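Undergrad: Sequence:
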Amino acid sequence: MQKMLSHGTVVENDWTVLQMPVESVPQGNILLPLKYWLENGAEFDQQPGLVGVWLDSDEEVEALADDLPQLPVVALNFPKFADGRGFSSARLLRDRFDYRGEIRAIGNVIQDQLFMLQRCGFSQFCLADDVDLEAAAKSLNDFSDGYQTAADQAQPLFKRLRG
1 MQKMLSHGTV VENDWTVLQM PVESVPQGNI LLPLKYWLEN GAEFDQQPGL VGVWLDSDEE
61 VEALADDLPQ LPVVALNFPK FADGRGFSSA RLLRDRFDYR GEIRAIGNVI QDQLFMLQRC
121 GFSQFCLADD VDLEAAAKSL NDFSDGYQTA ADQAQPLFKR LRG
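The letter at position 111 of the sequence shown is residue 111 when you use the numbering used here, and the numbering goes up by one with no holes.
Hints in this document: simulated from the structure, not taken from any laboratory. Accuracy of the hints is not assured; some may be wrong.
EDC-like cross-link-like pairs, simulated, lysine to aspartate or glutamate; straight-line CA separation at most 20 Å [what the hints assert, rightly or not]: (1) LYS35 / GLU23; (2) LYS35 / ASP56; (3) LYS35 / GLU12; (4) LYS80 / ASP66; (5) LYS35 / ASP45; (6) LYS3 / GLU23; (7) LYS3 / ASP83; (8) LYS35 / ASP66.
The structure presented is a predicted model; accordingly, all values stated were derived computationally and were not measured.
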């Protein structure tokens with residue numbers, strides 16, 4: 001079973017990410033593509049495992065606004081490490097929609113991004129199989145503080161220093 005980082009700890013990833021077209025739904029915890037969720041979400045009320053949704057970088061989180069309270073996980077896909085739209089989507093989930101569930105980074109996520117992903121509201125990270133997850137967990141603390149506001153800090157550094 002693949003492993004991932006969750007709140008800075010290496011854990012088993014027992015979720016299956018389904019791709020379009022969805023031909024069959026396995027037992028257990030599943031992450032459905034946004035389009036499939038929007039068309040078929042009601043069918044999953046009796047799903048034996050947990051159900052979350054994943055969005056590609058070109059999809060808008062606003063489409064999930066009404067469903068967020070029932071979703072334990074929203075995963076944001078990074079098709080290329082240079083595609084930063086997932087950072088903005090995470091901030092929208094935390095700040096505008098007050099989403100308190102897990103936000104998971106999937107796709108082409110690299111260790112150098114983890115600190116900033118965490119600042120934007122991500123709590124879980126699925127990295128490539130060849131990545132040392134213990135080293136990746138340590139990189140979540142690469143910097144002691146940030147200057148700007150973020151999902152994890154509402155006040156900029158200059159205001160915190162002024163007291």
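Undergrad: Each hint needs a verdict: does it hold in this structure or not?
TA: Structure-based check of each hint:
Between LYS35 and GLU23 the CA atoms are separated by roughly 14 Å; this keeps the pair inside 20 Å, and the hint holds. Taken as a hint, the LYS35 and ASP56 pair is honoured in the structure, with Cα atoms around 10 Å apart against an allowance of 20 Å. Under the criterion of a C-alpha separation no larger than 20 Å, the hint pairing LYS35 with GLU12 is inconsistent with the structure, at around 27 Å. With a C-alpha separation of about 29 Å, the suggested pairing of LYS80 with ASP66 is violated against the 20 Å cut-off.
Simply put, LYS35 and ASP45 have alpha-carbon atoms about 17 Å apart, close enough for the 20 Å limit, and the pair holds. As the CA atoms of LYS3 and GLU23 are separated by approximately 25 Å, the hinted pair breaks the 20 Å bound. Straight-line distance between C-alpha atoms of LYS3 and ASP83 comes to about 23 Å, which puts the hinted pair past the 20 Å bound. A C-alpha spacing of about 15 Å is found between LYS35 and ASP66, which places the hinted pair at or below 20 Å, so the restraint holds.
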